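Asks: Starting from the structure of chain A, add chain B where the hints point.
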Amino acid sequence: MSTLSRVAASRNHPAYWAFLVHRLSGLGLALFLPLHLLVLGLAVERASLDGFLSWTDRPLVKLAETGLVVLLAVHLTGGLRVLALEFLPWSDAQKTRIAIAFGVALAVGLLFLLLAV
Amino acid sequence: MQSSAAQPSASTELGELTVSVWRGAADGRLESFRVPHRTSQTVLDVVTWIQRHLDPTLTYRFACRVGMCGSCAMMVNGAPRWTCRTHVSRVAKDGHLELRPLRNLPVVKDLAADMTEFFDKWRDAYGRFSPTPTADGDFHRVDPESAERKAASAGIECIGCAVCYAACDVVSWNPDYLGPAALNRAWTLINDVRDADRSGHLAAVADDAGCHACHSQGSCTKHCPNGLNPSMAITGLKKSVLGALLRGDL
Numbered sequence: 001m002s003t004l005s006r007v008a009a010s011r012n013h014p015a016y017w018a019f020l021v022h023r024l025s026g027l028g029l030a031l032f033l034p035l036h037l038l039v040l041g042l043a044v045e046r047a048s049l050d051g052f053l054s055w056t057d058r059p060l061v062k063l064a065e066t067g068l069v070v071l072l073a074v075h076l077t078g079g080l081r082v083l084a085l086e087f088l089p090w091s092d093a094q095k096t097r098i099a100i101a102f103g104v105a106l107a108v109g110l111l112f113l114l115l116a117v
Numbered sequence: 001m002q003s004s005a006a007q008p009s010a011s012t013e014l015g016e017l018t019v020s021v022w023r024g025a026a027d028g029r030l031e032s033f034r035v036p037h038r039t040s041q042t043v044l045d046v047v048t049w050i051q052r053h054l055d056p057t058l059t060y061r062f063a064c065r066v067g068m069c070g071s072c073a074m075m076v077n078g079a080p081r082w083t084c085r086t087h088v089s090r091v092a093k094d095g096h097l098e099l100r101p102l103r104n105l106p107v108v109k110d111l112a113a114d115m116t117e118f119f120d121k122w123r124d125a126y127g128r129f130s131p132t133p134t135a136d137g138d139f140h141r142v143d144p145e146s147a148e149r150k151a152a153s154a155g156i157e158c159i160g161c162a163v164c165y166a167a168c169d170v171v172s173w174n175p176d177y178l179g180p181a182a183l184n185r186a187w188t189l190i191n192d193v194r195d196a197d198r199s200g201h202l203a204a205v206a207d208d209a210g211c212h213a214c215h216s217q218g219s220c221t222k223h224c225p226n227g228l229n230p231s232m233a234i235t236g237l238k239k240s241v242l243g244a245l246l247r248g249d250l
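Protein chains in written order, with UniProt numbering: chain A, 1 to 117; chain B, 1 to 250.
Please keep in mind that the hints were generated in silico from the structure rather than gathered at the bench.
On a predicted model such as this, the values are computed, not experimentally measured, just so you know.
Be careful, since some hints might not be right.
[Unchecked claim] Below, computed lysine-lysine pairings styled on DSS-like, alpha-carbon distance capped at 30 Å:
id, chain 1, residue 1, chain 2, residue 2
1, B, K222, B, K109
2, A, K95, B, K109
3, A, K95, B, K222
4, B, K239, B, K222
5, B, K93, B, K239
6, A, K95, B, K150
7, B, K93, A, K62
8, B, K93, B, K109
9, B, K93, B, K150
10, B, K222, B, K150
Looking at chain A on its own, in the form it has when it is part of the complex:
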């Protein structure tokens, strides 16, 4: 069997996917943070910030921003799920909670996209 099937065999279940998405979205956001701070730095000179903000009106950039919003939302809802898991009494509805976390994050991303176009 392939290495990928072997790796997936014991991990292909909702709780592991939730862990993976939470970890990868966190890493993605950590990588984005320096860029965010760089853009904030542009605010020192009004002209350069305005130039950058007009660049962000392009459709492809809006699409990338939507991805970023989904990352933020999924990390937030995933984090709330973990807090609920660790501080609230145990619930057997873990799969439902994971589905809600993913669903809300996706809805937030779609709403952003709707408002952006």
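Replies: Leaving out everything else, chain B in the frame of chain A:
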């Protein structure tokens, strides 16, 4: 690779299985065997057939064959399973099985993993019962409907097969991590009203290698062959440790 000419006839009405089996220690390799596929055949049946008909030097471990002793667990097509209760028809992919020793444990030889560190961690998690001095007093009255007893009862059927330990990525990343089975054991003890050292049990699982190292990936619960829920036990420990810390008991 075994020569087909050297093997006994392996044809049955269900056809034939191709079984790749780990041979040697950590630096071993996969060896392929052809085994008859029979109805109601378990993975342990397959391994036993190989040893009795094809290669008597094949090393593996089993005892009860009915899912009670926890000794026959292996990686079957990438997932940890108790092989005596795993039907081939449920796990074979296109007539193929890949059998390896349990992940996260040193290999002794072939399919036998060294379980020493797994059970050492039960000791490190203070997984032994600490009796109260009741010889001169009355018996403990255990209410089977109390929340504590229900929590303890939910976890006590662990057979020590190490399937959860092999499924856990945190064990792979942090070799000191006590693992789901040892933490589940600690959870049953702190919920046992007869145990005299609740704080001691909590202290044993409160450090970096204890319950707080768990990332709630849930693979332990997903793969536990007895349907136990170590994830629930570990989140219970996390809450209990925090509670004890806030009360000043730790």
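Asks: Would you list, in rising numerical order, the hints stated earlier that this structure does not obey?
Replies: 2, 5, 7 and 9
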